[in-house]
Amino acid sequence: DAGITQSPRHKVTETGTPVTLRCHQTENHRYMYWYRQDPGHGLRLIHYSYGVKDTDKGEVSDGYSVSRSKTEDFLLTLESATSSQTSVYFCAISRGGSTGDTQYFGPGTRLTVL
Amino acid sequence: AQRVTQPEKLLSVFKGAPVELKCNYSYSGSPELFWYVQYSRQRLQLLLRHISRESIKGFTADLNKGETSFHLKKPFAQEEDSAMYYCALSSRGGSNYKLTFGKGTLLTVNP
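Heads up: the sequence lines are chains A and B, in that order.
In terms of this note's numbering, the first sequence opens at residue 1 and continues consecutively.
In terms of this note's numbering, the second sequence opens at residue 1001 and continues consecutively.
For reference, chain A alone in the conformation it holds in the complex (with noise of 0.2 Å):
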């Protein structure tokens, strides 16, 4: 399993809180990243980090933010958590340095915005 824990795997909440979601590697891997699952839209990338402190937005990265502080930690925080963001969310990790390297998936996390 290439090493990668998220935590929580499953979360309950209501709109308006704020909700962060952490992945955690062992590989010291270079890359991580934060998807969403959905039904009929597969899975989209919400965030990336090519290093520590440094990130990027994907393609559905409103309502979002990212920290990485250290190599084996990558934050998702939903500031203000809405029903829109009722998803699986999955963190992956790769050695990157080149477009042929596997990306490594968690084990997910589902949340609920009630």
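Don't read these hints as lab results, they were simulated from the structure.
Hints are supplied without guarantee of correctness; some may be wrong.
Said to hold, decoys possible - Within a straight-line C-alpha distance of at most 20 Å, the following computed EDC-like cross-link-like pairs (lysine to aspartate or glutamate) qualify:
1) A:K57 to A:E27
2) B:K1009 to A:E79
3) B:K1103 to A:D38
4) B:K1073 to B:E1008
5) B:K1022 to B:E1067
6) B:K1103 to A:E27
What the hints assert, rightly or not - Reference excerpt, derived from the structure (chain A facing chain B, CB under 8 Å, subset only):
7) G42
8) Y50
9) G63
10) Y64
11) T86
12) F90
13) D101
14) F105
15) G108
16) T112
Don't be surprised by glycine CBs; every beta carbon is placed ideally from N, CA and C.
Use these hints to put chain B onto chain A, whose structure you have.
Using the frame of chain A, we list chain B on its own:
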């Protein structure tokens, strides 16, 4: 901008029948393509990538640059192949690397 299209949301076949999951892409550069699989309520895992030209679990995929396709094939489907399959294209922007996924095809193999 890159795009990956999987035209079939759902595909249902019988055990032992051939299966083909379609994937078409749009990309101005030299494509690096992958197939990922997600079994029920599990994490995504790499099935195969075109640069390694390997066969995993009996699946193969050939990159056809003329038709901009990377279809996934298996001659004899098994019930354990039932899963969600995603085609993905890797691209580079500066020194950053990203995957663009198709919307996925849910394969059901019936007994």
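Verification of the supplied hints:
Between K57 of chain A and E27 of chain A the alpha-carbon distance is near 23 Å, which puts this suggested pair outside the 20 Å criterion. This hinted pair does not check out: K1009 of chain B and E79 of chain A have alpha carbons roughly 33 Å apart, beyond 20 Å. At roughly 9 Å between alpha-carbon atoms, K1103 of chain B and D38 of chain A fall within 20 Å of each other, so this suggested pair holds. Straight-line distance between C-alpha atoms of K1073 of chain B and E1008 of chain B comes to about 14 Å, which keeps the hinted pair within the 20 Å bound.
Taken as a hint, the K1022 of chain B and E1067 of chain B pair is honoured in the structure, with Cα atoms around 12 Å apart against an allowance of 20 Å. Distance check on the hinted pair: K1103 of chain B and E27 of chain A sit about 28 Å apart at the alpha-carbon level, beyond 20 Å; violated. With its C-beta approaching chain B no nearer than about 4 Å, G42 of chain A sits inside the 8 Å limit, and its interface hint holds. Hint status for Y50 of chain A: holds, given a least beta-carbon distance of 5 Å to chain B, under 8 Å.
Because the beta carbon of G63 of chain A sits about 20 Å from the nearest beta carbon in chain B, more than 8 Å, this interface hint is broken. Proximity of Y64 of chain A to chain B is violated relative to the hint, the smallest CB-CB distance being about 16 Å (cut-off 8 Å). Restraint check, T86 of chain A versus chain B: the minimum CB separation of about 17 Å is more than 8 Å; hint violated. Taken as an interface hint, F90 of chain A checks out: its beta carbon lies about 7 Å from the nearest beta carbon of chain B, inside 8 Å.
A distance limit of 8 Å between C-beta atoms decides the matter here; for D101 of chain A the minimum to chain B is near 6 Å, and the interface restraint holds. About 4 Å separates the beta-carbon of F105 of chain A from the nearest beta-carbon of chain B, less than 8 Å, and the hint is met. Checking G108 of chain A against chain B by beta carbon gives a least distance of about 6 Å; that is within 8 Å, so the hint holds. Violation of the interface hint for T112 of chain A is found here, the shortest Cβ-Cβ separation to chain B being roughly 15 Å, above the 8 Å cut-off.
In this structure, the hints that do not hold are numbers 1, 2, 6, 9, 10, 11 and 16, in rising order.
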